[in-house]
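Once you have looked at the hints, place chain B on chain A.
Keeping their order, the protein sequence lines are chains A and B.
The opening position of the first sequence corresponds to residue 1 in my numbering, with each subsequent residue numbered one higher.
The opening position of the second sequence corresponds to residue 1 in my numbering, with each subsequent residue numbered one higher.
Think of the hints as simulated: they come from the structure by calculation, not from any bench.
Listed next, the in silico DSSO-like pairs over lysine-lysine satisfying Cα-Cα at most 27 Å (straight line):
| no. | chain 1 | residue 1 | chain 2 | residue 2 |
| --- | --- | --- | --- | --- |
| 1 | B | Lys52 | B | Lys42 |
| 2 | B | Lys55 | B | Lys192 |
| 3 | B | Lys161 | B | Lys52 |
| 4 | A | Lys52 | B | Lys187 |
| 5 | B | Lys107 | A | Lys52 |
| 6 | B | Lys150 | B | Lys97 |
| 7 | B | Lys96 | B | Lys85 |
| 8 | A | Lys47 | B | Lys97 |
| 9 | B | Lys192 | B | Lys61 |
| 10 | A | Lys47 | B | Lys161 |
| 11 | A | Lys52 | B | Lys96 |
| 12 | A | Lys61 | B | Lys107 |
| 13 | B | Lys187 | A | Lys61 |
| 14 | B | Lys150 | A | Lys52 |
| 15 | B | Lys161 | A | Lys52 |
| 16 | A | Lys6 | A | Lys47 |
| 17 | B | Lys107 | A | Lys47 |
| 18 | B | Lys96 | B | Lys187 |
| 19 | B | Lys128 | B | Lys96 |
| 20 | B | Lys161 | A | Lys31 |
| 21 | B | Lys150 | A | Lys61 |
| 22 | A | Lys31 | B | Lys61 |
| 23 | B | Lys128 | A | Lys47 |
| 24 | A | Lys52 | B | Lys97 |
| 25 | A | Lys52 | B | Lys128 |
| 26 | B | Lys49 | B | Lys61 |
| 27 | B | Lys161 | A | Lys61 |
| 28 | B | Lys150 | A | Lys47 |
| 29 | A | Lys47 | B | Lys96 |
| 30 | B | Lys128 | B | Lys192 |
| 31 | A | Lys47 | B | Lys187 |
Given the structure is predicted, the values throughout are model-derived calculations rather than measurements.
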Amino acid sequence: MAFAWKAAGLTYNRYLAVAARVVRRSLKEEKRLQAERRGDMDLRFAKWENGKQGDMASLAKANASAMAEHAA
Amino acid sequence: MLSTAVRPALRASAAAALRPATVAPPNAATYATLREIEGRLKSIRNIEKITKTMKIVASTKLTRAQRAMADSRTYGQTSNTVFEKAETKPIEAEGKKDLIIVCSSDKGLCGGIHSGLSRTTRRMLAAKSDIELVIVGEKCKAQLGRSNGKNVVLNFAGIGKNVPTYADAQAIADQVSLLSTDYASVKIMHNKFLNASSYEPVTVEAFSEEAIANSPNFAAFEIEDETLSNLREYALANSLYWALTEGHACEISARRNAMDNASSNANDMINKFQILYNRTRQSVITGELVEIITGAIASEDM
Numbered sequence: 001m002a003f004a005w006k007a008a009g010l011t012y013n014r015y016l017a018v019a020a021r022v023v024r025r026s027l028k029e030e031k032r033l034q035a036e037r038r039g040d041m042d043l044r045f046a047k048w049e050n051g052k053q054g055d056m057a058s059l060a061k062a063n064a065s066a067m068a069e070h071a072a
Numbered sequence: 001m002l003s004t005a006v007r008p009a010l011r012a013s014a015a016a017a018l019r020p021a022t023v024a025p026p027n028a029a030t031y032a033t034l035r036e037i038e039g040r041l042k043s044i045r046n047i048e049k050i051t052k053t054m055k056i057v058a059s060t061k062l063t064r065a066q067r068a069m070a071d072s073r074t075y076g077q078t079s080n081t082v083f084e085k086a087e088t089k090p091i092e093a094e095g096k097k098d099l100i101i102v103c104s105s106d107k108g109l110c111g112g113i114h115s116g117l118s119r120t121t122r123r124m125l126a127a128k129s130d131i132e133l134v135i136v137g138e139k140c141k142a143q144l145g146r147s148n149g150k151n152v153v154l155n156f157a158g159i160g161k162n163v164p165t166y167a168d169a170q171a172i173a174d175q176v177s178l179l180s181t182d183y184a185s186v187k188i189m190h191n192k193f194l195n196a197s198s199y200e201p202v203t204v205e206a207f208s209e210e211a212i213a214n215s216p217n218f219a220a221f222e223i224e225d226e227t228l229s230n231l232r233e234y235a236l237a238n239s240l241y242w243a244l245t246e247g248h249a250c251e252i253s254a255r256r257n258a259m260d261n262a263s264s265n266a267n268d269m270i271n272k273f274q275i276l277y278n279r280t281r282q283s284v285i286t287g288e289l290v291e292i293i294t295g296a297i298a299s300e301d302m
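The following block holds chain A by itself, in its conformation from the complex:
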């Protein structure tokens, strides 16, 4: 069983998030606004090396670019 999304480099969680976003966006207007707030993600993250914190970066962008790299 080969998954198309796996070939595109997505993780299972990302695949779920995209699917959930599609469902949320297809809701009616008032329900949609409420539901879309549940899909908000605005985290920042930093990598640490040798006890020193690196630069803060947006998690969403980093995840997207990491998955683009994994694309086969």
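Frame of chain A; chain B shown alone:
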């Protein structure tokens, strides 16, 4: 006419009262403390207002946070049922590192729940040194980054403004699963909500693929090898979501308690200072009266 007779004498006594005040203020000291007390009283009142408002805000947030916690707990427990039934055990591999995901938040003013997590983490680090840390939230990052900076591999910020969403958990899980090191076991540490005033740092195990594949009753589930990594990622996100929301509920509840205590402490101080203020004012007035009366008597004698 007493008033005309008294006036020069009063002026003299006023001048006499002024003179020592400019040179050395033994009398002025009482006035100064009166004003000081007033200023302090005012600032404590303002602080009380702030803490009271924060308490109200936390109280309103608490119901939502607790509902989210109850929902996510069902989520996490259901997801873990698979591993319970499969009797999955963390593998005891030599030379492999452990990973701890510490779920705190960005905001303080909520008692000791962040330092509780940090303390438990430090204890685990003392028992076994080759553990790597992923820290969610600024508070624990500041505490653990100072003492165990070498062990930290990732940290996340921006959590805790609102109830954590599943999207948050997924994004963190993705980034964690992208880490290059192969970990023997992944533990998620969060505060467990015992009741409205007591919390306890606990760990939830998130198993590695190898551990899942090696579990005794694994065959009963008929999971194909290809979907195994999906299951692991999904389970990690579920457990993270559970940990984040439960930690969030604990934090809000702890903040409510902390602000409640702060408000009642401020109230106590206000009462104490009010009494002190009244007493000082009374004694200042008495002192002034005594001065006026002695002045009047002295001028009558002239």
